[in-house]
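Chemist: Chains F and Y are the protein sequences, given in the same order. Okay, so the first sequence: first residue is 1 according to the working numbering, each after it adds one. Okay, so the second sequence: first residue is 1 according to the working numbering, each after it adds one.
Everything labelled a hint here was simulated from the structure, so no lab data went into it. Any given hint could be a false lead.
Said to hold, decoys possible - Footprint (simulated), chain F over chain Y, 3 or more residues, beta carbon under 8 Å: (1) 12 to 25; (2) 145 to 154; (3) 232 to 242; (4) 305 to 313; (5) 320 to 334.
Even for Gly, the Cβ is constructed at its ideal location relative to N, Cα and C.
Protein chains: 2
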Amino acid sequence: MGTSGRRTVRDLRRGNQAMLLRALYFGGPASRNELSAETGLSAATVSTMTGDLLADDVIVEAGQVDSDGGRPRVLLKVNPAYGYAVGVDVGETQVKVELFDLEMNVRARAHYAVRSAKHDPELVARHILAGVDAVIAEGEVPAGRVLGVGVGVPGIVEPGADALVRAKTFGWEAVPLGALLRAGTPLPLHVDNGAKTMGQAELWFGSGRGTSEAIIMLVGSGVGGTVVTGGSIYRGAGKAAGEVGHLKIVAGGRACRCGARGCLEAYLGAEAILDRAGVVADSADEEAALARLLEEGSPVIGESVELLGVGLSSLVHLFNPERIVIGGWAGLMLGGRLLDDIRAATAANTQAQPFDPETVVLGRLGPDAVALGAATLVIEPLFGGTVSPESVPTIA
Amino acid sequence: MGTSGRRTVRDLRRGNQAMLLRALYFGGPASRNELSAETGLSAATVSTMTGDLLADDVIVEAGQVDSDGGRPRVLLKVNPAYGYAVGVDVGETQVKVELFDLEMNVRARAHYAVRSAKHDPELVARHILAGVDAVIAEGEVPAGRVLGVGVGVPGIVEPGADALVRAKTFGWEAVPLGALLRAGTPLPLHVDNGAKTMGQAELWFGSGRGTSEAIIMLVGSGVGGTVVTGGSIYRGAGKAAGEVGHLKIVAGGRACRCGARGCLEAYLGAEAILDRAGVVADSADEEAALARLLEEGSPVIGESVELLGVGLSSLVHLFNPERIVIGGWAGLMLGGRLLDDIRAATAANTQAQPFDPETVVLGRLGPDAVALGAATLVIEPLFGGTVSPESVPTIA
DNA sequence: GACCATAATCTAAGCTTCGAACAAAGTCAG
DNA sequence: CTGACTTTGTTCGAAGCTTAGATTATGGTC
Chain F
1 MGTSGRRTVR DLRRGNQAML LRALYFGGPA SRNELSAETG LSAATVSTMT GDLLADDVIV
61 EAGQVDSDGG RPRVLLKVNP AYGYAVGVDV GETQVKVELF DLEMNVRARA HYAVRSAKHD
121 PELVARHILA GVDAVIAEGE VPAGRVLGVG VGVPGIVEPG ADALVRAKTF GWEAVPLGAL
181 LRAGTPLPLH VDNGAKTMGQ AELWFGSGRG TSEAIIMLVG SGVGGTVVTG GSIYRGAGKA
241 AGEVGHLKIV AGGRACRCGA RGCLEAYLGA EAILDRAGVV ADSADEEAAL ARLLEEGSPV
301 IGESVELLGV GLSSLVHLFN PERIVIGGWA GLMLGGRLLD DIRAATAANT QAQPFDPETV
361 VLGRLGPDAV ALGAATLVIE PLFGGTVSPE SVPTIA
Chain Y
1 MGTSGRRTVR DLRRGNQAML LRALYFGGPA SRNELSAETG LSAATVSTMT GDLLADDVIV
61 EAGQVDSDGG RPRVLLKVNP AYGYAVGVDV GETQVKVELF DLEMNVRARA HYAVRSAKHD
121 PELVARHILA GVDAVIAEGE VPAGRVLGVG VGVPGIVEPG ADALVRAKTF GWEAVPLGAL
181 LRAGTPLPLH VDNGAKTMGQ AELWFGSGRG TSEAIIMLVG SGVGGTVVTG GSIYRGAGKA
241 AGEVGHLKIV AGGRACRCGA RGCLEAYLGA EAILDRAGVV ADSADEEAAL ARLLEEGSPV
301 IGESVELLGV GLSSLVHLFN PERIVIGGWA GLMLGGRLLD DIRAATAANT QAQPFDPETV
361 VLGRLGPDAV ALGAATLVIE PLFGGTVSPE SVPTIA
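When you get a sec, could you build the whole thing from the sequences and use the hints?
Modeler: Listed below in structure tokens is the structure:
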């Protein structure tokens, strides 16, 4: 029983303001009148509130629209230059750092190659810090306008100020990435799993847009995912929820790199699919190799679709989502050709409840969305968050 | 992006009052001072608020406690006689109706035998309505003090005023139980899956108490369950979430009665376990037969434990709960002897994240808790709900 | 230019919570 | 038995918030 809920009358104001800002951010430019209808607040409140926000430069006017024979509506929108967010994608082969404005336009980029299979935590941290400085300089952003840094990493991120990261693929056991970065920058930090940051990108700007209960699968070399409940990412008690890659689909089945058996990831990432097909390919060739398999019509592909359907069926029964998004480069490759098969396989395994296959859709954002999603973690607090504040992994 | 959040200053009051009431209900008798500390509200607010609640008979004084050399604390508690709730358990062999006061003491009971394998919806509805009248009369409850009727049924309950029920075991395709009952009583109705009502009972009064993220497994003849997120039951987009019985554990495995293959329920309810062991038993003998199997040390039992561990591992990875409760008569029978084995099996399949086996515990409430849990649905609105109001399946 | 329609702002009223002063109800030392 | 002390609970004024309704702003139409 979480002791949540607004307490004082100023919390009320904050909450309503966040709601209004959210409506404006996701509902495009809108007039005060429309905002009033959208948020349920009275016109008077919207007026005073927008007045404050305009004075604070959080929002700006955005033209006018004729109104059927009356005073024209003044459109308002979020001021893209009010603040900037840095998004970082810590990947297998590179550290990618991008600077976004509030409208999520990229203002500057920096890349740092990382030699595969050798991910020294301190080196990664140095790359990130260097990248942050570089993009802020290149983007010519006024000091104090950078709202924070979001970092998407592989593996599981423990809650707490140290942001301990466990990533088997990197050989990271309990790397205090948060602490390492904290030593090098005063900016607010948000560290989270890369599949989750990408899921949030897809939720905000991609195929998940507008949904409140959704599953976003990220099928790349491995399998990750994001569970969305109540319009925001579900993180569970220890921020380790949503690990769809380790959903079991075959009791006692193939060994997974996590050490257990029968995980979805033991069958379904590009790595596992190629392994099952007996194809040897290092990570650089995976994409071409998988494409060839698909071209050849390998039976392993059909099996993979069936197994994905089994996994999705479990998710449908557990979460009853309104949408399932399949993303990640391998997921998009498979889904691009075989979406109907995936839908059919899911439906065939979902007999106990009504299920609409149309709810399974492809992602709209490419694999580059990890950094974008990481940046959204930075600006999410502006909108108050639909969930309790402590569930946002901030390190302030 | 749900447009949630308090709007006006009176909503604020309602929310704070609900929070206070919740603290009082679950925190036992408490003084105004303790409530102030518990809720974070100022002493002044607590004072005026408790004044109102006392005047409305929602709460009552409950004795005094000496305070270390000062004015004694006056204890307050929820008034058990403020309101009453009817809980209904629609089971395989009987319809059970119970009247509870606010402290969940049983004030009256009524039972109606139902011939197995012949569950006429209208007959069930008549039994329920008769039972409601009977227990209200027997309990001698003042008119207008009955807050509503909660009904726990098998299968999946669709949202909406009709409360369409789909229950394969009853042969119910789309029974509008809500509409049938609505025609016979003016009381507020709440219809939900029996596994969910029992889960809520276990969450409020049993082994799930105090947790905010939990899984409650109900292993009886079949397998059901409840997923708790943010302190309340997670229902998903169409109120069909949490169907752990149809989590897949063996792709292409045994046929489940739902029509799909490899569901947990195809391996794990008493029915499935006995079937796998080659034992023929009708539902009345299941309990004895399962006990015999356990006594004999049948290898099927060991397999079942292993498979349960696989299923629980999936749930841990997806939900990262702080507690997993195993309930239901078969679950308690297995867990009573083999809890350590279940824990070990779960841990063995959960390699990718830190997992404490101690979080798996046995339920504390018997199988009779379905009606109790159904009654909690009635009084839950008093506490404002941690979630948005529309997610509570009320038919008003 | 008078009149109408729509948008945005201003004003007064009604709630709410809070801090601080104040009242209540005990204990304890002498 | 009295007075000091401690702790609990209440009252009151202050500050903030949202709202309904009145008012002002800004355009078109006849």
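Chemist: Confirm or reject each hint.
Modeler: Consistency of the hints with the structure:
1. 12 to 25: That given contact holds, which follows from 7 residues of the region 12 to 25 of chain Y lying within Cβ reach (below 8 Å) of chain F.
2. 145 to 154: violated (count 0)
3. 232 to 242: Check passed, 9 qualifying residues.
4. 305 to 313: Answer holds; 5 residues pass the 8 Å Cβ test.
5. 320 to 334: Result for this restraint: holds, n = 3.
When held up to the earlier numbered hints, the structure conflicts with hint 2 and nothing else.
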